[in-house]
Amino acid sequence: MNVYAREKKKRGGLLIHRYNIDTLVIMPVNPETFFIYWEITKKRMNGYRSLPNRKRYIITRIIDEQKNIPIHSFKIQEMVGSRYVRLKSDAQRIYAEIGLIRNEKFEPLIRSRTIVTFNVSHPGREIWMKKFRNKMVYIDPPLKGKTGAMRKIYEHYKYISSGYPGSSF
Amino acid sequence: MEGRGEKTRTKITGYWIPVLHAHIPFVKHPGYDFFLEENWLFEALSESYIPLIKKLKEMDDEKIEFRLTISLSPSLMEMLADGYLMDKFTDFLEKRIELSKKEQKRLRKDRIFYEIACFYRQYYEEIRSFFENELGGDIIGEFNRFFKKNRMEIITSTATHGLLPLLETNPESVKAQIEIGIKTFVKYFKKRPAGLWIPECAYYSGLDRILREYDIEYTFLDSHSIMNRQSPPRYGVYAPVYTENGVAVFGRDPFSSKLVWSAQEGYPGDHEYREFYRDIGFEREIDYIRPYINPDGARTFTGLKYYRITGNTERKLPYRRERAMMKVHEHALDFYSGLKGEIRRLSDMMERPPSLVSLYDAELFGHWWFEGVEFLTKVLRMMHDGAIIKTITPSEYLNLYPENQVISPLPGSWGENGYYETWLNPETDWIYREIHYMAQTMARLVKRHRRIRNNLKKRILNQMLRELLLVQSSDWAFLISTDSARNYSIARLKEHIDNFYFLASLIDGKVSDTERLEEIEGKNSIFSDIDFRVFSE
Numbered sequence: 043m044n045v046y047a048r049e050k051k052k053r054g055g056l057l058i059h060r061y062n063i064d065t066l067v068i069m070p071v072n073p074e075t076f077f078i079y080w081e082i083t084k085k086r087m088n089g090y091r092s093l094p095n096r097k098r099y100i101i102t103r104i105i106d107e108q109k110n111i112p113i114h115s116f117k118i119q120e121m122v123g124s125r126y127v128r129l130k131s132d133a134q135r136i137y138a139e140i141g142l143i144r145n146e147k148f149e150p151l152i153r154s155r156t157i158v159t160f161n162v163s164h165p166g167r168e169i170w171m172k173k174f175r176n177k178m179v180y181i182d183p184p185l186k187g188k189t190g191a192m193r194k195i196y197e198h199y200k201y202i203s204s205g206y207p208g209s210s211f
Numbered sequence: 051m052e053g054r055g056e057k058t059r060t061k062i063t064g065y066w067i068p069v070l071h072a073h074i075p076f077v078k079h080p081g082y083d084f085f086l087e088e089n090w091l092f093e094a095l096s097e098s099y100i101p102l103i104k105k106l107k108e109m110d111d112e113k114i115e116f117r118l119t120i121s122l123s124p125s126l127m128e129m130l131a132d133g134y135l136m137d138k139f140t141d142f143l144e145k146r147i148e149l150s151k152k153e154q155k156r157l158r159k160d161r162i163f164y165e166i167a168c169f170y171r172q173y174y175e176e177i178r179s180f181f182e183n184e185l186g187g188d189i190i191g192e193f194n195r196f197f198k199k200n201r202m203e204i205i206t207s208t209a210t211h212g213l214l215p216l217l218e219t220n221p222e223s224v225k226a227q228i229e230i231g232i233k234t235f236v237k238y239f240k241k242r243p244a245g246l247w248i249p250e251c252a253y254y255s256g257l258d259r260i261l262r263e264y265d266i267e268y269t270f271l272d273s274h275s276i277m278n279r280q281s282p283p284r285y286g287v288y289a290p291v292y293t294e295n296g297v298a299v300f301g302r303d304p305f306s307s308k309l310v311w312s313a314q315e316g317y318p319g320d321h322e323y324r325e326f327y328r329d330i331g332f333e334r335e336i337d338y339i340r341p342y343i344n345p346d347g348a349r350t351f352t353g354l355k356y357y358r359i360t361g362n363t364e365r366k367l368p369y370r371r372e373r374a375m376m377k378v379h380e381h382a383l384d385f386y387s388g389l390k391g392e393i394r395r396l397s398d399m400m401e402r403p404p405s406l407v408s409l410y411d412a413e414l415f416g417h418w419w420f421e422g423v424e425f426l427t428k429v430l431r432m433m434h435d436g437a438i439i440k441t442i443t444p445s446e447y448l449n450l451y452p453e454n455q456v457i458s459p460l461p462g463s464w465g466e467n468g469y470y471e472t473w474l475n476p477e478t479d480w481i482y483r484e485i486h487y488m489a490q491t492m493a494r495l496v497k498r499h500r501r502i503r504n505n506l507k508k509r510i511l512n513q514m515l516r517e518l519l520l521v522q523s524s525d526w527a528f529l530i531s532t533d534s535a536r537n538y539s540i541a542r543l544k545e546h547i548d549n550f551y552f553l554a555s556l557i558d559g560k561v562s563d564t565e566r567l568e569e570i571e572g573k574n575s576i577f578s579d580i581d582f583r584v585f586s587e
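Quick mapping for you: the protein sequence lines, in order, are chains A and B. Under my numbering, residues 43 to 211 are what the first sequence spells out, in order. Under my numbering, residues 51 to 587 are what the second sequence spells out, in order.
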């Protein structure tokens, strides 16, 4: 079943609009899954007329923006399509690009916006803030009064939230 | 024994922040005497919002102190202020009263079921009387009265409940959802909201910067967005945290959530409570029930339900109101005692009074869990009478404790599994391609026509933005994913997409059909004072 038929079935008879605009979008689903959809226009592919069976050489890559390295890639056949990608990575900012492999080199065609993943960096030390005259100002963390309290609160939370929908524990 | 009036308290050692999120997607179908999906609003009004207001008003008259935070979604505010829908609501109540009278007659020889029919007649007559005579049909006005008396803190949400992490592809969409959410709040409450409910608690990194731009002081997230494994905050979810941009975030307390939400352990599943799905709309002879269901004969809920949950059996026993009320008292006491226990344990570990933040859909109380309003108000009464724990609003808590730790919340939602798959999955992913392209088109047209003077074109662009906002509602994807109102949701999506491109063709001057424009404006009349220029980065 081609992508149109599959999509048509999924959406109860509605057709995907072909907008004739080069599009590549990557969206987060959960920490290990991303959804990508794209449209490659005829105009864009016309530049590669000389390449026989050019559709065979199109791939989508996902790039770790900070390290500037591809962390995932897959071949695509459809000019309008979508795919769910399972991705285990510690990358914090990623983008996708579609391109052609020619002479063992990747030639980019379309690039998506960068998105922030579920891997968020955290400050290594405690930072505190307070509202002062309608402005937020940084302050020193208050003194820790109760020994081991932080660990106890964390343990308590873990115990209470076990099996809780949405809990990551 | 529950006491009354003000009294001296012992030292407060912790706080409870109950938050109800009230939202119904914008559904309006002029020209139909009966339209099934409009009942979503009418059922929420007659079973949740009005009973809740009625109970809280009684408490207020008795000088019972309470604090409740209510998030009203802008689409709900717009429907509550829509004369056409409110007129239809009174017709809806008339029908329910008429059916319960008919049931009283039919059941006059059956003592047990006759009593239940009498209960429904009295229930709906009281709702009608309260709505018409006490509230004058003005629900928002009554919420505002509680707001002004500091009994309630009312906050807003995004314009049409757009799931922001999935709209982020077009930053204009996120900003328009937030800005129109705030403007709608100001329209009805004449002041800016301190807080904003992020639909489905769906957060992405960077959203706090936009919230700060709009002077939003606080929001709520599910606990796993706060309790990251690497560096959980000092007080966990038991005190608010700030994001780097200074927005306070209150994390959801898992203990009080589980007691109510959990399918296994939650109170609403108790055998004494009313069974939601056994409704006479599906059980009476078709000729008898026809005037109260879909005119085409499709059976639907009528609100008259005669059985209690009973257990995991098809042989349900009759609903006994007095037994259900006894169970409410038992559950309220259990909840209150549980919260006090949590506060005691936590206050031993913390240098300040802990706060337990309970986030619930408002419609859970009354509509889904019929006895829920009685439960909630009973807990509030117990808090008033007791010591140790007191209700508070987020703004009051932040005034008392303005110093808080700074963290970077994790992306997530309060949906199943904690992320976005309820709204983005193989059944629904096609929606986002349409939404994103519509947003691109809108942004392009706004840029081109920013200084336009032609009133007709302004109207067209304003209506285009309404159609875009309506298509962005997270409800359609949710209803498709859960297979609850699948066909209606797909039809609504298709309608707004078609309307949008039809209107775009009017802007381009390819078509001139003002009659259809007027028809669309009349039907999808949300945000009457919208200005399309809001859609910009």
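No lab work stands behind these hints: they were computed from the structure. Take these hints with a grain of salt, some might be off.
[As the list claims (entries may be wrong)] Calculated pairs, SDA-like style, for lysine to any residue (alpha carbon to alpha carbon, straight line, at most 25 Å):
| id | chain 1 | residue 1 | chain 2 | residue 2 |
| --- | --- | --- | --- | --- |
| 1 | B | LYS78 | B | PRO452 |
| 2 | A | LYS186 | B | GLY391 |
| 3 | B | LYS497 | A | ARG60 |
| 4 | A | LYS194 | B | PRO452 |
| 5 | A | LYS177 | B | ASP558 |
| 6 | A | LYS173 | B | PRO368 |
| 7 | A | LYS177 | B | GLY391 |
| 8 | A | LYS173 | B | ASP384 |
| 9 | A | LYS85 | B | ARG201 |
| 10 | A | LYS186 | B | TYR451 |
| 11 | B | LYS390 | B | LYS241 |
| 12 | B | LYS497 | B | PRO368 |
| 13 | B | LYS151 | B | PRO368 |
| 14 | A | LYS173 | B | ASP558 |
| 15 | A | LYS117 | A | LYS173 |
| 16 | B | LYS233 | A | TYR126 |
| 17 | B | LYS107 | B | ASN194 |
| 18 | B | LYS241 | B | LEU309 |
| 19 | B | LYS544 | A | LYS117 |
Note that this is a predicted model, so its numbers are computed, not measured.
Here is what the structure says about each hint:
The straight-line distance between the Cα atoms of LYS78/B and PRO452/B is roughly 43 Å, outside the 25 Å bound, and the hint therefore fails. Taking the CA atoms of LYS186/A and GLY391/B, the gap is about 23 Å. The hint holds against a cut of 25 Å. Between LYS497/B and ARG60/A the CA atoms are separated by roughly 23 Å; this keeps the pair inside 25 Å, and the hint holds. Distance restraint check for LYS194/A and PRO452/B: the Cα-Cα separation of roughly 24 Å lies within the 25 Å cut-off, and the hinted pair is therefore satisfied.
For the proposed pair LYS177/A and ASP558/B, the alpha carbon gap of about 46 Å is over 25 Å, so the pair is violated. The suggested pairing of LYS173/A with PRO368/B is violated, with an alpha-carbon distance near 56 Å, which exceeds 25 Å. The suggested pairing of LYS177/A with GLY391/B is violated, with an alpha-carbon distance near 36 Å, which exceeds 25 Å. A distance of roughly 37 Å separates the Cα atoms of LYS173/A and ASP384/B; the hinted pair therefore is violated under the 25 Å criterion.
Distance restraint check for LYS85/A and ARG201/B: the Cα-Cα separation of roughly 62 Å exceeds the 25 Å cut-off, and the hinted pair is therefore not satisfied. With a C-alpha separation of about 16 Å, the suggested pair LYS186/A and TYR451/B falls inside the 25 Å cut-off, and the hint holds. Of the supplied pair hints, the one linking LYS390/B and LYS241/B is violated, its CA atoms being roughly 35 Å apart against a limit of 25 Å. A C-alpha spacing of about 62 Å is found between LYS497/B and PRO368/B, which places the hinted pair above 25 Å, so the restraint is violated.
For the proposed pair LYS151/B and PRO368/B, the alpha carbon gap of about 19 Å is at most 25 Å, so the pair holds. With a C-alpha separation of about 49 Å, the suggested pairing of LYS173/A with ASP558/B is violated against the 25 Å cut-off. For the given pair, LYS117/A sits about 52 Å from LYS173/A by alpha-carbon distance, which is inconsistent with the 25 Å threshold. Proposed proximity of LYS233/B and TYR126/A is contradicted: the alpha carbons are some 37 Å apart, above 25 Å.
For the hint pairing LYS107/B with ASN194/B, the CA-to-CA distance comes to about 12 Å; that is within 25 Å, so the pair holds. Restraint check for LYS241/B and LEU309/B: not satisfied, since their Cα atoms lie roughly 35 Å apart, outside the 25 Å limit. Restraint check for LYS544/B and LYS117/A: the C-alpha separation of about 32 Å exceeds 25 Å, so the hint is violated.
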